[in-house]
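Q: The residues making up each chain are set out below.
Protein chains: 2
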Amino acid sequence: MQIPKGLAPMVPSTEDALAAERSKAAFKVSDMHQFIVDSDMRTKVAKVEALMGEEPETFSLRKVYFMSRQEKMEHALAIGKRLIELLKEGKLSGDDISIADMVLDINGPFGLHRTMFIPTLQNQATVEQQELFLRPALNYEILGCYAQTEIGHGSNVQGLETTCTYVPETDEFEVHSPSVRACKWWIGSLGVTATHAMVMAQLIVGGKRHGPCPVVVPIRSTVDHQPLEGVTVGDLGPKFGFNTMDNGFLLLNRVRVPRINLLQRYITVSPGGKVSRPANVDPKVAYGTMVYVRTQIVRNMSQVLAKATTVAVRYAAVRRQFKSESSALESPVLDYSMVQYRLIPLVAQNYAMFATSQAFLAHYQRSMVEMDKGNFAPLKELHATACGLKRWTSDVGVAGIDTCRHVCGGHGFSQFSGLNEFYGNAYPNIIWEGDNYVLSQQTVRYLISQVRALRAGKPVAENQTTRYLQRHMPQGQLHAAAFDVSQLLVQKEAQLDLLAFRSASMASALVDALDAGRSWNHSLVDVQRLCDAHSDFIVASYFRQHLDTLDAQSPLVPHLEKLATLLFLYTLEQHSADLFRLPRPFTPEMVAQVERALARAIEEVREQAVPLVDAFGISDFRLNSALGRSDGKVYDSYLEWAMEDPLNNDEGLRREWFEKYYKPVLHGKSRL
Amino acid sequence: MQIPKGLAPMVPSTEDALAAERSKAAFKVSDMHQFIVDSDMRTKVAKVEALMGEEPETFSLRKVYFMSRQEKMEHALAIGKRLIELLKEGKLSGDDISIADMVLDINGPFGLHRTMFIPTLQNQATVEQQELFLRPALNYEILGCYAQTEIGHGSNVQGLETTCTYVPETDEFEVHSPSVRACKWWIGSLGVTATHAMVMAQLIVGGKRHGPCPVVVPIRSTVDHQPLEGVTVGDLGPKFGFNTMDNGFLLLNRVRVPRINLLQRYITVSPGGKVSRPANVDPKVAYGTMVYVRTQIVRNMSQVLAKATTVAVRYAAVRRQFKSESSALESPVLDYSMVQYRLIPLVAQNYAMFATSQAFLAHYQRSMVEMDKGNFAPLKELHATACGLKRWTSDVGVAGIDTCRHVCGGHGFSQFSGLNEFYGNAYPNIIWEGDNYVLSQQTVRYLISQVRALRAGKPVAENQTTRYLQRHMPQGQLHAAAFDVSQLLVQKEAQLDLLAFRSASMASALVDALDAGRSWNHSLVDVQRLCDAHSDFIVASYFRQHLDTLDAQSPLVPHLEKLATLLFLYTLEQHSADLFRLPRPFTPEMVAQVERALARAIEEVREQAVPLVDAFGISDFRLNSALGRSDGKVYDSYLEWAMEDPLNNDEGLRREWFEKYYKPVLHGKSRL
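Heads up: the sequence lines are chains E and Y, in that order. Letter by letter, the first sequence follows residues 1 to 672 of UniProt numbering. Letter by letter, the second sequence follows residues 1 to 672 of UniProt numbering.
Read the hints as simulated data drawn from the structure, not as lab findings. Possibly wrong hints are sitting among the right ones.
Since the list gives no way to pick out one identical chain from another, each pair is judged satisfied if it fits inside one copy or across any two copies.
[Stated by the list, open to error] In the DSSO-like style, the derived pairs of lysine-lysine whose C-alpha atoms are separated by at most 30 Å in a straight line are:
(1) 660 x 562
(2) 663 x 47
(3) 373 x 24
(4) 47 x 91
(5) 284 x 24
(6) 492 x 28
(7) 88 x 633
(8) 24 x 72
Note that this is a predicted model, so its numbers are computed, not measured.
Model the full assembly from the supplied sequences, consistent with the hints where possible.
A: Have a look at this one:
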């Protein structure tokens with residue numbers, strides 16, 4: 001099916017509209033790209049996109065919107081197999097492959113083998129076990145997954161019900177799922193792929209429980225892929241997104257494995273059943289891995305939100321609706337203040353996320369260096385910050401993609417917008433690695449402990465969090481400009497000070513409430529809010545830190561400063577209720593000033609909106625969106641993609657449907 | 001695939017947990033159901049569910065989660081065909097069919113024929129045209145759709161580019177799509193089904209434009225369903241939801257139709273090209289239809305949100321996570337305050353939506369009676385209210401389903417939760433029939449006009465809106481209790497008064513800003529907020545009105561009162577920033593009192609949460625959710641559904657994948 005010939009061109013064209021936006025650019029887009037996206041990401045994305053460009057058949061994304069679940073899985077398998085070949089050929093590194101997954105937005109069935117099975121072996125297997133399991137895993141002679149979550153147990157690892165019982169008679173472990181509630185669930189790469197599962201199970205030796213430990217359980221034959229004796233395993237069905245991944249379930253019916261299959265670096269069971277703990281778990285390993293995973297989530301959320309804001313800003317710049325008072329043409333919807341209000345702060349948040357991602361990773365790396373030296377002082381704050389940022393970036397990212405979709409109007413609802421695919425695949429980030437509501441408690445427990453220590457005059461580790469708590473407790477020591485809105489607009493220190501004061505005040509009030517006897521469970525609503533207030537400060541602070549790495553004379557500075565101030569004002573405006581409740585409260589007139597300043601900032605930044613999203617540097621290949629095309633040729637492309645729908649091209653199917661459904665209706669018994 | 005035998009039962013069981021919740025019911029669920037769901041809905045749902053129960057093969061929903069787009073379409077076609085047969089046999093009425101669509105949550109390809117094509121003919125065709133088009137349409141001898149939206153034109157009907165030009169030489173119209181931007185788009189039932197399109201096109205006679213008018217254009221043969229000459233038509237591809245509907249595109253290349261195909265009740269073109277307007281469009285028709293459609297959206301949003309809250313509340317009652325301080329068992333997540341805070345106010349909003357749906361429909365019907373008598377005074381307020389309620393209920397409904405999904409944790413992400421299907425199908429309600437952001441302007445324009453009239457001392461029609469504006473302007477005449485939180489909790493009048501005062505104050509401030517020269521475009525953020533404040537009042541007011549229809553002695557009253565007060569407190573808490581900015585502002589201590597009262601109310605209502613959602617009366621068939629089952633047998637059912645996944649049962653496919661993808665990886669070239 002093709003667009004008929006002879007149609008008149010659209011006047012004004014969408015291409016011209018986008019070109020006009022770009023002609024307004026007041027900074028060099030490539031310079032901005034270099035500053036806001038870290039060099040590692042830039043290099044690797046360029047490398048994998050080039051490689052994929054050489055094999056367009058395998059790495060095509062064009063047909064993905066028409067695929068059924070099964071076709072998506074098969075597409076991901078073909079890609080996954082090819083990536084492993086490229087890895088074996090030395091053309092791609094393991095890191096490159098994770099970038100490839102991100103570029104394609106396809107998380108395929110070999111993913112958890114790399115991201116969970118292998119790292120667990122690296123961290124928790126003895127040398128002997130590494131030879132036995134890690135070596136074949138690295139060679140892809142076995143395919144693994146990490147089976148922790150159970151159908152009835154998500155966040156509560158201690159509550160897992162799967163057991164791993166030592167059998168002294170045969171020197172084996174018996175791994176068992178006692179009830180349906182112990183069924184392993186959500187396990188990525190388990191559904192159709194894995195030959196081996198790293199099962200987290202309650203270790204029982206001589207009747208005594210030792211808590212959850214990882215044990216390697218072979219589940220499918222490496223010869224013919226058939227499930228082994230006692231293993232009930234399968235794919236857990238279609239999901240809201242992530243349908244290229246075979247999340248699976250696993251029930252084990254008294255499956256025996258040799259004693260050596262229990263990873264023994266941190267706990268050892270000797271022949272006969274003596275349990276010892278040869279090494280304490282290195283806190284760097286336990287927390288470091290968690291924090292590292294969260295640095296990756298922050299990075300990924302920046303990237304996926306960038307795809308969404310790129311689509312929405314570009315499309316809003318070329319989509320026209322209703323005539324303005326001043327023009328005979330319909331106005332681009334990006335000129336409407338309500339569209340700007342929804343989209344422009346999101347672009348600022350996206351910039352903040354990119355900057356935060358870099359500053360946070362740097363913080364993580366510095367902390368790891370300290371820990372290598374045996375200094376574990378940075379650990380708690382690092383972990384608290386990581387939890388807060390994982391929550392902040394995934395909340396903003398997932399809600400932001402939804403905002404972008406709605407801004408695109410009806411067309412956002414089409415799969416060809418790309419936004420629904422982004423949304424579905426990004427969505428789990430608010431749940432996994434600690435549900436965002438659970439995670440906020442981690443951050444806030446740390447804040448509370450520091451507030452209590454400060455109140456009691458105890459020493460606290462010095463870091464970005466304790467510094468601001470110290471400054472504002474027991475009472476606010478505010479920068480003079482923090483309560484003068486006109487000053488706030490120009491004084492960066494005062495901006496951070498106000499955000500810190502907000503968070504510190506809320507932390508202080510929460511401690512008061514707890515001290516007065518309110519239970520933790522009754523405090524959870526306040527806990528969420530405090531976590532967000534803290535993260536608002538951290539994000540603003542990291543954003544500033546990253547800006548400070550730029551030469552003060554750089555022509556990028558004024559544009560980035562505008563974004564930082566815009567984000568600050570938006571944060572205040574979104575949480576104006578907090579401002580009214582500060583120990584030194586804002587007045588209604590001050591809040592109105594904030595709103596007016598925000599409206600002006602939004603209008604200013606709108607002028608650079610298209611260059612600002614161009615600077616994210618997302619290729620058309622990655623966007624895979626008819627609406628977000630970099631050349632602005634939106635409607636032709638959208639129509640062409642629709643015409644490719646198999647429903648429009650399968651004559652046989654259409655004849656069959658006509659005979660079966662339409663003809664009996666049209667030519668059937670009369671009603672009247 | 002089957003669950004292996006010999007597993008131990010889960011202790012405590014999820015069934016027992018749900019039964020325990022039900023045993024706490026302090027009211028009769030069937031009485032509550034009768035009160036909160038209108039009798040028309042109850043009767044029709046029962047009727048269609050009974051009928052569907054007789055033909056489980058056709059009306060099955062069980063496999064829907066595994067279906068590809070094409071399979072979904074075919075499933076909907078089979079259902080649609082059967083419903084038409086039942087209609088022709090007199091077993092179902094047209095109304096019943098719309099209920100059937102709602103019950104199944106399947107909007108099939110025959111839908112727009114009934115909901116748009118036929119009504120347009122009924123309203124705008126002459127008697128002669130009714131014989132020509134309406135009669136065969138009612139007989140399903142032709143299948144229609146309503147082709148208004150274009151790829152480049154959504155809300156702006158005046159901007160449509162498709163033309164309908166009179167050709168005096170042949171006494172025909174030439175219907176034409178000049179450019180791709182004029183391509184008809186999103187048209188339901190057009191993609192593969194319709195034989196006729198009601199095309200909205202710019203009428204041009206003798207070179208003069210007369211605005212958009214409806215013209216009937218045959219597009220596919222009724223004999224073999226092939227597209228007719230000059231017609232490019234097809235399905236516009238997969239969407240975020242609504243994939244049982246064939247939304248389509250249509251390009252017309254100078255297609256000629258006889259003069260009689262232009263619907264001529266409100267505009268007539270005579271042979272030779274004289275244009276006259278025989279009858280003014282009856283405002284009852286123009287606005288009445290729009291308002292009626294919005295009463296249906298309010299009703300549908302109540303129903304779909306009820307499905308989601310039923311799933312989430314039941315599942316939260318049986319899902320356990322972490323041990324509480326007081327028990328050896330893990331706690332049901334519904335006992336966590338953060339889960340309650342997200343879920344219980346939503347249940348209250350859901351009750352308010354059901355009540356509002358009934359009260360609003362009654363208001364609509366009273367207004368129609370007035371208009372039949374020639375009194376058009378209620379029209380403007382009715383329209384403003386309808387716009388506000390469409391926005392309020394669809395915003396709350398769609399966001400609410402998302403909240404329910406997130407509350408279910410990871411399992412909400414599975415299609416078997418049902419929630420994703422509800423979400424995708426409900427989502428378009430925030431966009432169609434006026435995008436919610438555009439729609440708020442309609443409501444607020446009315447509010448502004450009434451504020452201006454009142455300020456100028458001009459007479460205004462008396463209605464619920466003008467009454468509250470009058471009461472609070474020029475200054476607030478507040479109920480004495482409105483600023484005493486403890487009094488507010490018990491005095492219903494004061495609650496409504498405070499909500500009215502908030503809305504009136506915001507309306508007044510907006511008029512001041514506009515009068516001071518701020519442009520409409522710069523006021524849109526305030527416009528949204530005012531629209532919501534107004535709707536908060538209207539919803540609370542309708543909720544009260546519906547409660548007042550109940551015998552004061554009814555044992556249901558205290559439970560409903562609690563819900564109404566909870567919703568009121570939640571509205572205040574969510575908008576506490578507004579309270580601080582009232583002409584007579586709340587203090588931080590008052591807001592804290594509101595928060596404490598809300599927390600108590602939530603805890604109280606939580607005790608009745610399961611009976612309260614049971615009272616929505618949604619059958620397991622409709623829920624189609626493994627998590628929301630009324631018997632609480634969640635995990636077995638969830639696992640059984642997963643086991644039915646074709647991926648788990650297609651041995652041939654699995655062997656093929658093993659040979660093609662896994663074997664080459666497992667047994668391929670070594671890496672190390």
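Q: So which of those numbered hints doesn't the model satisfy?
A: 1, 3, 5, 7, 8
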